Each structure stands twice: as structure tokens, then as C-alpha cells.
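There are 2 protein chains.
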Amino acid sequence: MAVATQSLEELCINSIRFLAIDAVEKAKSGHPGLPMGAAPMAFVLWDRFMRFNPKNPAWFNRDRFLLSAGHGSMLLYALLYLTGYEDLTLEDLKQFRQWESKTPGHPENFMNPGVEITTGPLGQGIANGVGIAMAEAHLAAKLNKPDFPIVDHYTYVILGDGCNMEGVSSEACSLAGHLGLGKLIALYDDNHISIDGSTDLAFTEDVGKRFETYGWHVQVVEDGNTDLDGIHKAIAAAQAITDKPSLIKVRTTIGYGSPKKANTRHAHGEALGADEVKATREYLGWNHEPFEVPEDALNHWRQAIDRGAKLEQEWHQLFERYKEQYPEEGRLVERMHEAELPEGWDAVLPTYTPEDKGIATRAHSGNCLNAIAEVLPELIGGSADLAPSNNTLLKTSGDFQKGQYENRYIRFGVREHGMGAICNGLALDGSGLIPYCATFLVFTDYMRAAIRLSALSEAGVIYIMTHDSIALGEDGPTHQPIEHVASLRAIPELYVIRPADGNETSGAYKVAIKAARGKRYSNKTRPSVLALTRQAVPNLAGSSIEGVTKGAYILSDSDGTPDLILIGTGSETQLCVKAAEQLRSEGKKVRVVSMPCWEVFEEQDAEYRESVLPKAVKKRVSIEAGSTFGWCRYVGDEGIAIGIDQYGSSAPGGVCMEKFGFTVDNVVTKAKAVLGE
Amino acid sequence: MAVATQSLEELCINSIRFLAIDAVEKAKSGHPGLPMGAAPMAFVLWDRFMRFNPKNPAWFNRDRFLLSAGHGSMLLYALLYLTGYEDLTLEDLKQFRQWESKTPGHPENFMNPGVEITTGPLGQGIANGVGIAMAEAHLAAKLNKPDFPIVDHYTYVILGDGCNMEGVSSEACSLAGHLGLGKLIALYDDNHISIDGSTDLAFTEDVGKRFETYGWHVQVVEDGNTDLDGIHKAIAAAQAITDKPSLIKVRTTIGYGSPKKANTRHAHGEALGADEVKATREYLGWNHEPFEVPEDALNHWRQAIDRGAKLEQEWHQLFERYKEQYPEEGRLVERMHEAELPEGWDAVLPTYTPEDKGIATRAHSGNCLNAIAEVLPELIGGSADLAPSNNTLLKTSGDFQKGQYENRYIRFGVREHGMGAICNGLALDGSGLIPYCATFLVFTDYMRAAIRLSALSEAGVIYIMTHDSIALGEDGPTHQPIEHVASLRAIPELYVIRPADGNETSGAYKVAIKAARGKRYSNKTRPSVLALTRQAVPNLAGSSIEGVTKGAYILSDSDGTPDLILIGTGSETQLCVKAAEQLRSEGKKVRVVSMPCWEVFEEQDAEYRESVLPKAVKKRVSIEAGSTFGWCRYVGDEGIAIGIDQYGSSAPGGVCMEKFGFTVDNVVTKAKAVLGE
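In order, the protein sequences belong to chains W and L.
Per the UniProt record's numbering, residue 1 is the first one in the first sequence, and the count goes up by one each step.
Per the UniProt record's numbering, residue 1 is the first one in the second sequence, and the count goes up by one each step.
Calculated directly from the structure, the hints in this document are not laboratory data.
Computed from a prediction, not measured in an experiment: that's the story for all the values here.
Each hint should be verified, as a subset may be incorrect.
Just so you know, same-sequence chains aren't split out, so a pair can sit in one copy or run between any two.
Below 30 Å or equal to it, Euclidean Cα-Cα: the simulated DSSO-like pairs (lysine-lysine) are [said to hold, decoys possible]:
(1) K672 with K615
(2) K519 with K659
(3) K615 with K519
(4) K28 with K395
(5) K589 with K618
(6) K550 with K510
(7) K26 with K55
(8) K145 with K26
(9) K102 with K524
(10) K672 with K278
(11) K278 with K395
Work out the full structure, taking the sequences as your base and the hints as a guide.
Take a look at the structure:
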């Protein structure tokens with residue numbers, strides 16, 4: 001219905017709508033429906049509630065906003081443009097979905113500082129939001145002092161039907177309710193439409209009541225298209241609830257304003273088309289050219305700049321006084337915000353000699369965590385209900401629970417995927433936490449999408465994955481990793497570290513912690529997966545922290561050019577050591593290489609790599625109690641990779657290892673075969 | 001509390017408990033707590049309600065039982081032994097968790113016919129159960145006739161807190177409620193304990209109410225330890241509810257009977273220890289030797305044999321009359337139950353010549369599905385809310401919905417992991433359905449655990465995964481698969497097929513359908529993942545269905561020994577074809593190999609494989625728009641694998657392919673480099 005004159009709010013809201021419509025139309029690709037339907041709630045939220053500084057997306061105490069329904073990216077880009085973020089111009093909007101633009105199809109945090117977290121895969125954003133709200137609760141409890149609320153902000157998420165169907169969001173929201181995260185406010189774009197059509201096809205649960213069973217506070221705004229006041233009241237009411245997260249079901253029409261496509265699946269994921277764009281302009285009374293924002297609306301939106309500058313300035317004044325009174329905490333805030341590690345932090349990492357009792361690398365990991373926790377207050381984490389098995393408990397910290405948010409041990413429950421996504425939130429919150437999480441290595445399968453997003457979004461998460469091979473024994477093939485290390489190595493920009501003993505576990509942590517602070521040290525923050533044993537392993541002569549920081553290194557060598565190189569990782573490196581002894585006693589020149597991390601090795605210069613694995617030495621045997629997939633890279637055409645490419649078996653771990661060929665004898669046999677004997 | 005004389009029920013229940021306790025104790029490994037706590041409900045269910053024939057675990061119309069809390073496997077093994085399953089002896093129980101025993105740590109369907117589905121990873125079993133209940137509803141609607149209820153059975157699941165925390169179960173249970181699966185009855189072993197300790201640590205949602213929001217019928221049995229009558233009434237009431245699935249929260253004590261460990265996490269996952277075993281024997285008044293079952297109890301339990309024989313015999317009489325009156329349906333039942341494919345079914349698979357218009361392989365896939373659906377009524381499936389994108393709709397079938405169970409198109413909703421686990425249930429139900437499911441290839445990450453279980457449990461599921469590379473374009477790096485094909489290849493016993501054109505897509509379906517019926521044709525049923533394009537691809541000269549059934553084949557060749565072999569998969573095979581033309585015009589002898597499926601290729605005999613990729617021809621170039629991880633296997637030390645090992649970009653698909661090097665020019669350049677020019 002054409003309106004003669006539009007109110008200022010309508011102008012502001014339609015500005016969002018038409019930037020989205022026009023950008024998608026120009027790209028001939030994208031999702032106009034959500035921006036058109038969610039524009040009113042986004043306006044109320046960003047114009048009236050959110051506390052942020054468009055000129056400083058990294059302001060420590062900003063409210064965080066996540067678009068969990070990431071396909072609606074033009075909504076977010078429009079908001080960033082309208083409110084005056086520096087790095088987003090009209091030209092950027094016109095380059096929506098084009099090569100190397102700042103406006104990719106789904107929001108990517110590394111392309112644009114205004115984007116808190118990369119979203120797109122459904123359900124992730126809301127789970128990230130739970131993590132960000134946990135960060136706020138934790139840091140507020142830890143850092144705030146009387147009259148110094150330096151951490152005091154909300155986490156807002158817009159999510160849709162898809163996010164609510166995904167299991168990862170159920171997991172995270174159940175935990176959020178348990179934790180009583182009162183500063184988390186989720187607006188549910190409740191439009192009853194998904195790609196297949198009406199949600200009546202597959203999704204008829206009572207979402208609002210479900211969230212109540214999690215312990216959330218739930219409200220409904222019946223007309224999210226035009227009842228701005230209702231939206232406003234609901235957000236205010238949600239803010240007033242301090243002991244529960246809040247869900248606001250906002251009933252909207254997808255593609256609102258499009259005469260033919262509104263309220264249908266056709267508004268979801270395709271450009272409206274020239275005719276329908278025209279019809280929508282008529283319907284909403286929008287006479288402006290593509291990408292043209294009426295001056296009144298832009299001026300109103302851009303009040304966010306002064307507002308934000310003022311908010312941040314006030315906070316800085318508060319923080320200055322805080323630093324005077326609490327210099328240690330002040331320094332900590334700054335160090336964390338700068339993602340700096342304290343000088344010599346790694347001195348706490350324990351080292352070992354072969355005389356030290358061999359224990360499982362998961363136990364070494366537990367020791368490392370506890371040592372690091374003492375010098376890095378930013379370390380926070382937990383396990384998906386496997387604390388005793390994963391060795392993740394922090395001796396000096398109680399559990400992070402409602403009313404005890406200052407603690408840093410998190411009980412995630414049996415919710416691996418939610419745990420990973422929450423950790424991405426903890427990492428990308430921007431305050432400087434270093435999160436770790438843990439489960440059995442085989443269950444990385446449950447959380448792979450979150451691990452991948454850690455890598456893609458440069459979230460410095462440390463994934464502690466124990467029980468890393470058939471050596472775990474009796475739990476059997478459903479629990480014994482086979483292809484997991486290989487398949488994780490295939491994920492770009494993820495460190496996969498499989499330490500052989502105590503020194504190497506310390507080395508793994510040195511790498512992982514530095515990678516989590518990557519931007520300062522190597523230009524790229526990376527997550528790491530640590531693959532750790534259930535069973536005890538000996539401490540090896542020659543192992544070192546240093547070696548792990550190079551990815552692969554020579555553990556022991558004969559004089560002169562080796563006849564043969566044995567390459568081991570993790571618990572199998574000891575087999576190489578013993579096999580080398582035997583082969584050397586028979587006159588062979590054998591080099592033993594420990595290779596805890598392929599990715600770090602590949603980052604070393606060519607000279608170093610050649611010094612460890614000289615091209616000319618083609619006789620090679622690798623051994624790893626996992627899939628041989630990919631090992632041809634390091635053993636080559638003339639080498640042999642010893643591994644296991646079938647499912648395991650339920651039996652004691654030692655029996656499994658022996659039956660599947662992980663013995664010194666087998667290494668020696670294969671070595672001789674490679675040598676042509 | 002020692003009891004002077006035990007009732008017959010108590011004897012039967014304690015028989016379960018002590019078989020579990022003794023087996024775990026002997027193995028010094030395992031989970032005694034759940035069997036001890038869930039024994040009463042298991043007794044009531046198996047002794048009084050379940051309709052099954054211990055001597056014929058494959059009886060078509062049996063009730064199905066799934067232990068979703070798979071770690072409690074001794075509960076299931078005890079039940080199978082006590083009720084008289086043929087293949088489970090006392091000796092097998094004594095070999096619990098030992099090499100190659102029939103009683104592995106978690107129930108494995110391929111080790112024991114009494115085990116319906118492999119469980120262990122939490123949340124899977126209940127989701128499988130949803131699938132099995134869907135199978136029952138579908139086949140009942142499709143096959144039953146007036147007075148001939150040949151499909152009429154219940155699906156029972158025992159699940160625990162862990163299963164209820166997992167997102168996969170939320171997804172499946174939400175769908176189950178939407179579908180109104182009245183024959184699904186889940187007993188929730190509600191013991192408030194998980195590995196970390198009390199569920200108060202992380203899991204305080206109102207589970208019962210949550211299930212009500214899904215549309216389930218929910219009851220509570222307050223004393224699941226001793227109130228057998230209450231359990232009985234609840235199951236009966238659940239059976240009477242025909243339009244909703246039922247959840248019965250049974251409050252139990254984990255490790256019931258163990259004075260020190262009951263109701264603690266120490267009962268969950270470790271042997272009780274000799275002292276505590278003794279104390280438990282005293283507490284429960286059990287004077288029998290390890291593995292000794294009192295005669296009264298065993299006789300009572302074994303009544304299941306006659307009962308079952310009678311039930312099955314009655315059903316067979318019914319079925320015989322059904323076959324007379326409905327011979328066609330009768331034949332269908334038998335054919336499906338035997339996992340036989342009708343003669344010449346594959347004649348419907350379309351074939352193409354290069355003159356036929358090139359379309360996306362996802363579109364070819366849609367055509368194949370529809371063609372196959374006409375001749376295979378057992379085909380059933382759907383998509384996770386991407387029906388138009390995945391091309392999965394069946395033209396001749398409406399949606400499978402409440403009251404319309406005879407239809408075979410399933411609207412899974414945005415629930416990838418639940419979808420995969422449900423399909424495992426559909427496949428392993430045993431009635432002979434062939435399920436397919438679909439989403440974007442990148443979202444195999446969400447459902448990897450279910451895919452792995454398909455492979456491990458020999459579930460013939462067809463995973464249709466579209467939008468398989470950066471060529472999908474503007475949706476960008478969160479949606480563009482990179483490492484997915486490689487990482488899926490790493491999963492043992494899974495076919496990963498990436499067809500190049502129409503003929504190869506038909507070939508992919510021939511392989512996938514036969515693999516789904518594998519036991520009859522090759523001794524091993526396998527799931528398949530089909531990686532399909534978003535974009536159109538030409539039909540290639542020389543491509544064939546037959547070629548795909550060999551995994552890799554020569555698409556075109558020069559005379560004599562090739563100088564160079566170009567290997568392509570999927571959409572990149574056409575680049576090999578064009579590059580070969582160019583190189584041949586320059587006088588090179590070039591062989592083009594299409595390699596749609598590594599795993600099938602590796603199953604061919606050595607002679608065939610050598611004929612396609614002769615060892616002596618070392619100059620090779622492969623090209624696949626995905627990770628190069630693992631390609632060294634086929635290109636060797638002297639070859640080059642063209643791929644992409646970094647994240648993609650949001651831009652039109654053609655731009656992405658060009659920018660990342662997927663061009664004829666690049667293949668030619670790399671070819672010349674390999675040839676040393």
C-alpha cells in the first residue's frame with residue numbers, strides 16, 4: 001500500500017530493505033527475504049538499544065550483535081553502512097557477492113571488522129552468541145569492581161526457523177538456560193517460511209515453550225512488521241530480566257513489501273527480479289534510486305556515530321580511573337584486549353627426560369592446562385561431560401555456573417557441537433579469552449562444522465581430543481578414531497598436533513597458545529586440535545618442545561646420509577625409536593623423525609624441511625595408528641605408510657595395537673621391505 | 001537390603017544386573033551402572049510387551065528395540081541371552097569386550113543379529129528409532145489391507161541423559177512429534193548422573209516438558225527401581241496413544257544395588273571392583289556364582305521362545321493369506337525383505353550423448369531418483385529443507401506426513417544430523433527400504449557421525465550432496481566445500497562418488513543402489529555419498545554407466561603408451577578432455593581417465609587397475625575442485641594434483657573457478673611442467 005508520506009522510522013526501516021533488495025538484485029544472487037522482514041526489529045534494536053561505536057568496532061565494552069541467520073547478510077551490511085562503520089561504503093554494498101568484496105554472501109568476520117563472527121551455516125550464530133554472553137558474564141564477574149562496571153554489555157542475536165531446527169542451537173540454548181545468561185537476548189525472526197516452504201511441512205513444535213523448558217524468558221511480538229512499539233517494549237523487558245536469557249518471537253513476513261513474493265519461499269533465497277523490485281517500490285512508496293538512501297533517514301541513522309563516540313568516551317574515562325585504582329586488573333584487560341601473551345609465559349610448560357615416568361599424553365595435557373592456567377587468566381574451558389577422561393579440570397578453579405561466573409571451568413554437558421560453537425563465541429568475543437574444549441577424538445565428527453568455522457574465522461580455540469586411536473581399546477569401533485586425524489588435517493588453517501610424549505605435549509601447547517594469539521605473532525590466528533592418548537607412553541630421548549614448534553624434527557639419526565627414514569607421530573613414535581635401534585644394530589643408517597604437526601612443518605622454510613626429510617632419501621616408513629590417507633605425501637612412491645584403514649575392534653588396547661600391526665616388528669619388517677631386503 | 005526370598009520378577013531383574021556386573025568385572029572394563037538401573041524397565045518391556053522371536057531376529061513384523069545409551073550394552077546382551085537368542089551364549093558374555101567376541105563394548109549390529117543398530121555415540125539410537133518408526137508407519141500405510149495388518153509393530157528405545165543433551169536427538173524428536181509417530185515409545189533412564197557427575201552441573205532443562213513442546217505424549221514413573229506395575233501401566237498407556245510418540249521418564253538409580261557406587265558417576269563407566277561386587281551381591285541377596293542364572297529366572301525368561309515362535313507363526317499364516325489375496329504386494333514384501341533388486345531395474349537409468357543438453361549433475365540426480373522411484377517402491381527419502389536446491393522431490397509422491405504415511409517424500413527440516421541418523425534407522429529397520437537424504441555437500445560436516453555409522457553398520461543410505469565445490473559461487477566460503485570429498489573418502493567402507501555428467505550420474509546411482517543391497521550382491525552393504533554440481537556440465541564423449549561401476553575408467557586415449565595421464569573427477573573432467581585435445585594437437589600422447597569413485601576403483605582387480613593407471617606411466621596430472629589431500633596416491637612423486645587447499649570466496653561461480661585455477665590453460669600448463677617442458 002503506497003503511503004503518501006512516510007514517518008522517519010519507516011524511512012529508516014525501508015532504507016534497510018531497499019539496500020538489501022538493490023544489492024541482491026544487482027548481484028542477481030542472495031537472500032532478500034530476511035532483510036525485508038527483519039528490518040523493523042533490526043531498526044529498533046540498532047537505533048534504540050545497541051551500544052556500539054561505528055568508528056571503533058573493537059571497543060571493549062560494546063554490545064555484540066550476531067546474525068545467526070547469516071544468509072540475511074545484507075541486513076547486517078545495511079546496518080553497518082547506515083550507522084556509519086568506516087570500512088563499509090555504498091560501493092562495497094554494490095559489490096555484494098563479488099570477488100574480494102567486503103560484502104560476501106554470508107557475513108565473514110575477516111572481511112569486515114563490523115562482523116563479529118562468520119555465520120551462514122545455520123544454528124552456529126546463536127550458539128556463538130551463547131559463548132559471547134558467557135564471556136561477558138565471566139569477565140564482568142572477574143574484572144568489575146564496586147562502581148566500576150567496565151564489563152557490562154548485551155549480546156543480541158537474530159535467528160530464524162532454520163537456526164531453531166538445528167541441533168547445535170538446542171544444545172547451546174539448553175546450556176544458556178542452565179547458566180542463566182541474563183544478558184543474552186535473541187530475536188527470533190518468526191516468519192514460518194523456510195526453503196521448502198511453510199514451516200508446517202516439518203517444524204510444528206512450540207518453539208517458545210521449548211525455550212521456557214530450557215529456562216529462558218520468552219515473549220511474543222505478534223506484529224513484527226509494523227508494531228515498533230511492541231518490539232521496543234519486548235527488548236526493554238528482556239533487558240530487565242537479569243537471571244535468564246531472553247527469546248523474543250517476532251512474527252514477521254518474509255519479503256515484507258513484495259506483493260507477489262512476500263510470505264513465500266520465493267522471497268528467501270533469490271533476487272526479486274526487476275518487475276517485483278519495481279512492484280515493491282510502489283507498494284512501500286519508495287521513490288529512490290537503487291542504493292540511494294534518503295537524507296533524513298541517513299542522518300538519523302548516523303546519529304549512531306556521535307552516540308557511540310560518547311558511549312566509548314565515557315567508558316574510557318571509567319576505565320582510566322579503574323586502571324588507577326586497580327592497576328593489575330587494568331593491565332590484564334589491556335593485555336588481553338591486545339591479544340598479547342605475557343613475557344616468558346611458556347616457562348611454565350613442564351619438560352621431561354626419559355627417566356620420568358611415562359603417562360598418557362592426555363594426562364600431560366592436564367598438567368599443561370593447569371600450569372598455563374596459572375599464568376594466563378584468559379584461559380577458560382571445559383569438556384563435554386568427559387572431565388575425568390579428558391583431563392581438563394582446572395585444580396584452581398571451580399565450575400562456571402550461575403552466580404559463579406568468575407570461575408573458568410565450564411561443564412558443557414554432552415553437547416559437542418554446541419561446545420565448539422560456544423568456544424568460537426568465547427574466542428571471537430574480542431575481549432581476549434583463550435577457550436579450550438574437549439571430548440573424545442572420535443566425536444570431532446559431531447562438531448566438525450564448528451571446528452571448520454574456527455579455522456575459517458580465525459578463532460583461537462584449542463580442541464583437546466583424547467582417546468586418539470584403537471589403543472583406547474574396549475570401547476570398540478564406534479569410539480576408536482581411524483580417519484579423524486587425517487580428515488582434520490584436510491581442513492585448511494587448522495593445526496592438528498599429535499604429541500608423542502611429555503615434552504611434545506608441552507610443545508603442542510606452546511604452538512596452540514601462540515596460534516590462538518596468532519595475529520600478534522604470525523599474522524593469522526589459528527585453532528588447534530590436540531590428539532592425545534588414553535594410554536601411557538614413555539618419554540623419548542631427544543624429544544623437545546622446540547621440535548614441536550617446527551612441526552617435525554629429527555629425534556635421532558645415524559651418521560651420514562640415512563638409508564631410511566622412520567616417521568612417527570604420537571604414540572607410534574616410540575615404535576620408530578625401538579625399530580631404529582634394531583635396524584642400526586644390523587648396520588643400517590636410520591633417521592627417526594617425529595612429526596607431531598604437518599601444518600606447522602609445512603610453514604617452515606624449504607631449507608629446514610629439506611634438512612629433516614631430504615628429497616634424495618626416498619626409503620621411508622611412516623607409522624601412525626590411524627588412516628594412511630594422505631601419508632603418501634611424506635613417504636612417497638617408494639615408502640610405506642603403516643596405519644589402519646578399517647574399523648577397529650572391541651578388545652583391550654594392547655591387543656588391538658598388536659593385532660592391527662602397531663609393533664616394532666612390523667616397523668622393522670616394512671623397513672626392510674622398503675630397503676628391498 | 002538383603003531379601004530372604006526374591007520374587008520371580010526380582011530374580012529375573014537381578015539376572016540382568018548380575019550378568020552385566022559379572023561381565024564388566026571379568027573384562028575389567030565397561031559400564032555396569034545403566035544395566036543395573038535400567039534392568040527393571042527392561043524386564044517389564046521385554047518380558048511383557050515386546051513381540052519378537054528370539055530364534056528369528058529378522059522376523060519381518062517384530063517389535064524393534066534400540067539401546068540408544070549404547071554404553072549399557074551388557075543390558076542388551078543380557079536380554080538377548082536370557083530370552084534365548086541363538087547366537088549369544090554364556091561364553092560370549094564372558095568374552096565381553098574381548099578380541100572378536102560377539103559382545104563388543106558397544107552394541108554392533110554386524111557382530112550380532114540380535115542387535116538392530118550399532119549404537120554408542122550418544123543421541124544416535126533415539127534418532128535411529130525415529131527412522132524405524134517412520135519405516136513402520138510408511139510400510140503399514142502402504143502395505144496393510146483391510147483385515148491384514150502385516151505391518152504392525154512398535155519401536156522401543158531406551159535412552160539416557162547423554163542422548164537427551166545431544167542435538168541430534170532434539171532434531172529427530174522434534175520431527176517425530178511433527179509426524180505424530182504413535183508407535184514410537186522411548187523410555188528415558190532418568191538417573192540424573194552422567195560422567196561428570198550430577199546432571200545439575202549442566203543439564204537442568206525440563207526434559208519432559210520439552211518433549212511435550214515437540215508434540216510427544218509424556219509420562220513419569222517416579223520409582224523405576226521397584227515400581228514394576230507403574231512401568232507396566234506407563235508402557236500400556238503409551239501404546240494406547242496412537243497419534244503421538246511417547247516418552248516415559250523412568251526415575252532410576254544408576255548402579256542400583258551397589259552400596260557405595262549407586263547414584264554416583266563411579267557406577268557409570270568402570271567395573272565395580274571385587275569388593276563392591278561382593279557388597280552388591282549381599283545387598284541384593286544374590287547368592288549365585290558369576291554368570292550363573294537361577295533356573296526359575298531363566299525358565300521364565302525363556303518363555304519368550306515359545307511366545308515368539310507362536311507370534312511369528314500367526315503372522316506367517318496371516319501373511320500367507322495376504323499373499324494369496326494380494327500377490328503383488330506379497331511379492332514386494334518378500335523381495336524387499338530379501339534385499340533383492342528386481343531384474344533389470346537399472347534399465348530405467350537414463351543415458352546421454354554429448355549432443356544432449358548439459359545440465360547440473362544435481363539435476364541429473366533428480367532425474368535418476370524419479371526414474372528409480374518408479375521401479376523401486378522401496379526408495380524413500382528427502383532433503384534437509386533444500387528440496388528445490390538438492391533436486392530431491394519425487395514427482396509421483398506427496399509428502400510423508402501424519403495421516404499420509406504412504407507417501408515417500410520426507411521433509412526433514414533443517415536437521416542434517418537427525419536426517420542422517422533417521423536414514424540409518426530407515427535402512428537398518430530390516431524391512432528393506434532404501435533411504436536417501438540430501439543437503440549441501442559442505443553440511444556433511446553437520447552429519448558426519450551419522451555417515452560414519454552408516455558405513456560402520458552397513459546401512460545402505462544414499463547421501464545426495466549437492467553444490468559440491470567453489471563453483472557454487474556467491475554463497476562463499478562457509479558454503480563452498482574444499483576438504484569434504486577428501487575427508488569423506490577417508491571414512492572406511494563408504495563410497496564417495498563424484499560423477500562428471502549425465503551418464504556418470506546414472507552410473508553413480510547404479511553403484512549406490514547396488515551397494516545399498518550389498519549383502520546380496522557383494523557381501524557388504526555400503527552407504528554412498530554422491531557429490532553433485534550446482535552448475536551445468538556438458539555430457540562427455542566416452543562417459544558411461546559401466547565406467548562408474550569400475551570406479552575409474554579411460555575416457556579417451558591416444559595410441560600406444562601415454563606420455564601423460566590426466567585424471568579428473570566430476571565437473572573438472574571436462575577440463576581434462578579439453579586439455580587433452582590441446583596437448584594431442586601438439587603431438588603428445590594423452591590418456592584421459594575419469595575417476596568418479598576411488599573406493600570402487602580399489603575394489604577392481606589389479607589387472608584392471610593397472611590397465612587404467614599403469615605404474616610405468618608416472619607423468620600424471622589430476623584435477624578436482626577440492627582439496628589435493630590424498631591425491632598423491634594417484635599422481636605419485638612425479639605428478640601434480642590441481643586442487644584448492646584454501647578457503648573459497650564469495651563471487652560468481654565462474655569467477656571462482658577461474659581465479660582458483662580450474663581452467664583448461666592451467667591443466668595444460670601443469671601437464672607441460674610434469675612433462676618437463
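To see whether the hints hold, each was checked on the structure:
no. : hint           : in the structure
1   : K672 with K615 : both (20 Å within a copy, 22 Å between copies)
2   : K519 with K659 : between (45 Å within a copy, 26 Å between copies)
3   : K615 with K519 : neither (33 Å within a copy, 46 Å between copies)
4   : K28 with K395  : between (56 Å within a copy, 29 Å between copies)
5   : K589 with K618 : both (13 Å within a copy, 29 Å between copies)
6   : K550 with K510 : within (11 Å within a copy, 48 Å between copies)
7   : K26 with K55   : within (28 Å within a copy, 67 Å between copies)
8   : K145 with K26  : neither (51 Å within a copy, 57 Å between copies)
9   : K102 with K524 : within (19 Å within a copy, 50 Å between copies)
10  : K672 with K278 : neither (76 Å within a copy, 53 Å between copies)
11  : K278 with K395 : neither (64 Å within a copy, 34 Å between copies)
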